[in-house]
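Visitor: Sequence:
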Amino acid sequence: EFLELSNEIYQLYGEALSSSDGQVVVGSDGKAVQPPPLVHRHKSNDGASVGNDIIHDPIGVEHIKRLFPGLLRVEVLDRKSDHPLRQTGVLDNHRFVKEHPPSPNAFSAVDGESLLDPTICCDENDPPRGKMTAHPKMEEVVMWETNIQATGVRKYPNPIGWVAVMPVEDKADVGSFWSGYTKEQPNLKRPRRVDETIGNQAGFMATRSQVEYFHNKACPGGFLPPFDSQHWKGDSLQRHSVEFWSGGFQLFGQCSLNRILPLEPRRFEKHLIYHVSNNKQRTAPAKKMIRVGDFYGQILTVKEKAIKFAKEAWGIKLT
40 EFLELSNEIY QLYGEALSSS DGQVVVGSDG KAVQPPPLVH RHKSNDGASV GNDIIHDPIG
100 VEHIKRLFPG LLRVEVLDRK SDHPLRQTGV LDNHRFVKEH PPSPNAFSAV DGESLLDPTI
160 CCDENDPPRG KMTAHPKMEE VVMWETNIQA TGVRKYPNPI GWVAVMPVED KADVGSFWSG
220 YTKEQPNLKR PRRVDETIGN QAGFMATRSQ VEYFHNKACP GGFLPPFDSQ HWKGDSLQRH
280 SVEFWSGGFQ LFGQCSLNRI LPLEPRRFEK HLIYHVSNNK QRTAPAKKMI RVGDFYGQIL
340 TVKEKAIKFA KEAWGIKLT
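Numbering-wise, the sequence shown is residues 40 to 358 according to the working numbering.
These are computed hints drawn from the structure, not numbers from a lab.
All residues carry an ideal CB built from backbone N, CA and C; glycine is no exception.
Take these hints with a grain of salt, some might be off.
25 Å max Cα-Cα, derived SDA-like pairs, lysine to any residue [stated by the list, open to error]:
| hint | residue 1 | residue 2 |
| --- | --- | --- |
| 1 | Lys170 | Gln188 |
| 2 | Lys210 | Ser88 |
| 3 | Lys104 | Gly261 |
| 4 | Lys347 | Lys119 |
| 5 | Lys170 | Pro75 |
| 6 | Lys256 | Glu282 |
| 7 | Lys326 | Glu178 |
| 8 | Lys210 | Glu178 |
| 9 | Lys119 | Lys210 |
| 10 | Lys344 | Lys119 |
| 11 | Lys104 | Tyr313 |
| 12 | Lys82 | Ile346 |
| 13 | Lys256 | Ile48 |
| 14 | Lys176 | Glu152 |
| 15 | Lys104 | Glu54 |
| 16 | Lys104 | Gly260 |
| 17 | Lys319 | Glu282 |
| 18 | Lys347 | Ala148 |
| 19 | Lys176 | Val315 |
| 20 | Lys210 | Arg306 |
| 21 | Lys119 | Glu152 |
| 22 | Lys319 | Gln126 |
| 23 | Lys326 | Lys104 |
| 24 | Lys104 | Arg232 |
| 25 | Lys319 | Pro166 |
| 26 | Lys347 | Pro230 |
| 27 | Lys170 | Leu130 |
| 28 | Lys137 | Glu282 |
| 29 | Lys104 | Arg306 |
| 30 | Lys222 | Arg306 |
| 31 | Lys228 | Ala148 |
Simulated restraints, written as ranges between beta carbons of each label pair [to be verified]:
| hint | residue 1 | residue 2 | range |
| --- | --- | --- | --- |
| 32 | Val100 | His174 | 41 to 51 Å |
| 33 | His279 | Asp60 | 33 to 43 Å |
| 34 | Thr127 | Ala173 | 51 to 61 Å |
| 35 | Pro76 | Thr127 | 45 to 55 Å |
| 36 | Asp60 | Lys119 | 56 to 66 Å |
| 37 | Glu43 | Asp162 | 15 to 25 Å |
| 38 | His174 | Glu251 | 22 to 32 Å |
| 39 | Asp234 | Pro74 | 15 to 25 Å |
| 40 | Lys82 | Lys170 | 44 to 54 Å |
Given these sequences and hints, build the entire structure.
Guide: Structure, rendered in structure tokens:
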């Protein structure tokens with residue numbers, strides 16, 4: 040999946056390079072979808088060059104170069120009877136559930152189960168190794184590194200389609216429809232590099248060509264040592280947490296990469312990374328915990344909100 044999405048991004052990049060205006064547009068049935076108007080668009084209230092109402096806008100070469108597959112760190116609840124997150128209603132009353140209730144379209148119409156498959160990220164036989172949980176159910180898979188309030192959605196040209204957009208620095212944002220955006224309250228502050236919603240991945244992947252791009256072009260001061268001290272405090276010897284280096288914080292920091300997660304369920308589930316020490320569920324604040332299936336449902340709710348917005352504000356029908 041990582042390579043597939045990387046190749047799709049590269050494909051869009053090639054199409055933009057070969058187009059007359061350096062952009063690619065969203066299409067349907069072989070025809071370009073009417074783009075949104077250029078006037079009366081939302082203006083960012085931070086350092087972003089784009090507003091929070093970017094849904095299916097054309098995208099150019101420079102912005103495509105900043106797209107990168109994202110990852111979500113997850114755990115599977117242990118099955119001890121005293122687990123605080125297994126108490127009645129705890130995970131049902133997660134943050135922002137009233138503002139963004141999970142879409143019914145994220146769950147099976149037959150049995151109400153999440154459309155996501157827990158075995159892709161988290162399968163484990165019985166007896167399990169270490170602190171892992173055997174034969175997990177999707178309702179037991181939880182996350183804590185971000186939430187829907189810091190998330191956006193966007194429809195990219197084929198073959199990528201609809202994606203969730205993870206947090207990124209304001210000045211690096213290439214645009215999405217933010218979950219908190221409304222025309223009635225356009226000045227709400229979008230979470231950017233906020234610790235509790237930054238989306239720590241606890242790891243990253245990259246091909247050799249991507250690492251070369253990071254080092255030579257994307258990352259001021261370089262991605263690999265020796266670093267340019269003009270861009271790295273103390274020539275990168277300034278103290279950073281282990282998560283900064285192992286989680287690739289510099290990628291979605293000064294390297295300006297925008298992490299995306301395809302919304303097709305068979306693809307989305309492949310972006311989940313199992314934190315096999317399985318300890319955050321008991322040490323992180325309970326208010327940060329949410330079932331991944333519910334988070335996915337909230338993202339689909341925001342997607343549906345974006346589709347409705349495009350129809351009502353611009354008269355454009357999206358699917």
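Visitor: Evaluate each hint against the coordinates.
Guide: The hints, checked one at a time:
no. : hint                         : in the structure
1   : Lys170 to Gln188             : 30 Å, violated
2   : Lys210 to Ser88              : 7 Å, holds
3   : Lys104 to Gly261             : 16 Å, holds
4   : Lys347 to Lys119             : 43 Å, violated
5   : Lys170 to Pro75              : 50 Å, violated
6   : Lys256 to Glu282             : 23 Å, holds
7   : Lys326 to Glu178             : 17 Å, holds
8   : Lys210 to Glu178             : 36 Å, violated
9   : Lys119 to Lys210             : 45 Å, violated
10  : Lys344 to Lys119             : 38 Å, violated
11  : Lys104 to Tyr313             : 28 Å, violated
12  : Lys82 to Ile346              : 20 Å, holds
13  : Lys256 to Ile48              : 17 Å, holds
14  : Lys176 to Glu152             : 9 Å, holds
15  : Lys104 to Glu54              : 12 Å, holds
16  : Lys104 to Gly260             : 18 Å, holds
17  : Lys319 to Glu282             : 14 Å, holds
18  : Lys347 to Ala148             : 23 Å, holds
19  : Lys176 to Val315             : 15 Å, holds
20  : Lys210 to Arg306             : 28 Å, violated
21  : Lys119 to Glu152             : 22 Å, holds
22  : Lys319 to Gln126             : 17 Å, holds
23  : Lys326 to Lys104             : 36 Å, violated
24  : Lys104 to Arg232             : 21 Å, holds
25  : Lys319 to Pro166             : 21 Å, holds
26  : Lys347 to Pro230             : 23 Å, holds
27  : Lys170 to Leu130             : 21 Å, holds
28  : Lys137 to Glu282             : 32 Å, violated
29  : Lys104 to Arg306             : 21 Å, holds
30  : Lys222 to Arg306             : 32 Å, violated
31  : Lys228 to Ala148             : 36 Å, violated
32  : Val100 to His174: 41 to 51 Å : 46 Å, holds
33  : His279 to Asp60: 33 to 43 Å  : 40 Å, holds
34  : Thr127 to Ala173: 51 to 61 Å : 24 Å, violated
35  : Pro76 to Thr127: 45 to 55 Å  : 49 Å, holds
36  : Asp60 to Lys119: 56 to 66 Å  : 59 Å, holds
37  : Glu43 to Asp162: 15 to 25 Å  : 21 Å, holds
38  : His174 to Glu251: 22 to 32 Å : 41 Å, violated
39  : Asp234 to Pro74: 15 to 25 Å  : 36 Å, violated
40  : Lys82 to Lys170: 44 to 54 Å  : 48 Å, holds
Of the numbered hints given earlier, the model fails hints 1, 4, 5, 8, 9, 10, 11, 20, 23, 28, 30, 31, 34, 38 and 39; all others are met.
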